[in-house]
Amino acid sequence: MLVAGLTAIAYVPWMLLGLPIGALVDRSRPELFVVWAAVSRGALFGVLTLALLLDAGSMWLLYAVAFLLGVGEAAYDNASQSLVPRLVADADLERANSALVSVERLGQDLVGPAVGGVMFAAAASLPFAVSAAALLLAGVLVTGLRTPAPAVDGRPTPRALLREAADGMRWLLRARYVRTIILTGAGLTFFTQTWEGLLVLLAVGPMGTSETVFGLILAGGAVGGIAGGALTALLVHRFPQRALQVVALAVAAAGNFVLAAFPTPVLAAVVLSTTSFSFALWNVLSVTIRQRMVPATVLGRVNAAARTLSMTAAPLGALAGGGLAAVLDLRAPLWVSGLALLVVTAMFAVATRDAERVGERH
881 MLVAGLTAIA YVPWMLLGLP IGALVDRSRP ELFVVWAAVS RGALFGVLTL ALLLDAGSMW
941 LLYAVAFLLG VGEAAYDNAS QSLVPRLVAD ADLERANSAL VSVERLGQDL VGPAVGGVMF
1001 AAAASLPFAV SAAALLLAGV LVTGLRTPAP AVDGRPTPRA LLREAADGMR WLLRARYVRT
1061 IILTGAGLTF FTQTWEGLLV LLAVGPMGTS ETVFGLILAG GAVGGIAGGA LTALLVHRFP
1121 QRALQVVALA VAAAGNFVLA AFPTPVLAAV VLSTTSFSFA LWNVLSVTIR QRMVPATVLG
1181 RVNAAARTLS MTAAPLGALA GGGLAAVLDL RAPLWVSGLA LLVVTAMFAV ATRDAERVGE
1241 RH
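Residue numbers (my numbering): 881 to 1242.
Distance ranges between label pairs, derived from CB positions: (1) M1173 <-> V1127: 19 to 29 Å; (2) D1047 <-> V1146: 43 to 53 Å; (3) L948 <-> G1024: 18 to 28 Å; (4) R1035 <-> L967: 22 to 32 Å; (5) V968 <-> E1091: 38 to 48 Å; (6) L1196 <-> L1147: 23 to 33 Å.
Since the hints were derived computationally from the structure, they do not count as laboratory data. Backbone N, C-alpha and C fix where the C-beta goes; we use that ideal spot for every residue, glycine too.
The task is simple: from the sequences and hints, build the whole structure.
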């Protein structure tokens, strides 16, 4: 329960602080928040490293660090998405976002876990020390970026931030196309998480795989995410963005049915890879559309709304999948997710049928 709670607490800052952080980003230069997030998280990893070296670690320290790291992640994710359109020409947004997603997936899903495991085997404090140094270096690098400061009135009091967060949500409620994309993305996250967290049980149960084979399955998913991020910029020059979004949703739905019907290690690797590819494709396109269509004055708050919904959908989806598996069987979440994503795909296609070009309609 303590370990599960440690994972869950990382989502809490998004639910509590996501929208106020978005309002703060809209009030300032986003690169300042990127620097702050990098330096503060580096300092937190430094504290954790010191505690481990002094044998002074505890679960309560881990909980505090996990929560504060979540605050820093909320600030970084929000500010970085607001920063990109200030630095990159409109025509290059897909290329920039593709590069960012590919590098993130490469580090987070493929290289990071492998290198972290090797370092942890050498010394428990080593991966945290390296993370601290890397984040502090990132903060130094970002200090070279500078964008114009927005014109804002008044001080960022709690009441002002709540009012501005509400203003951002009112804008989003009027923007039908952007709102549809955000809600669809939350649905994709929810229904995918119903089974991804249970994949290890499928692997050691019906599939009968070894730990090594399961690691290869996860690596296949990482490679798919990297490829999806890298290829999106090329695909968007050949096909309409809306068509790519519909395909991404449909492929995710189809993969669920395939794995539910034929739970084998090879197909698990293929399905996880294609699902990760679809996720990366969807994310790059969705972020780019927001950056193009949302005014800079409210972009931070709209980014915060999108991310808060997805960060809330992920743990709820995992809980729902666990309940389905407990009541029925391990394949039930796959069947339910496949059916639900087919409905989501159809609803998205109908809701956006008049938006053949990004920005044509809200």
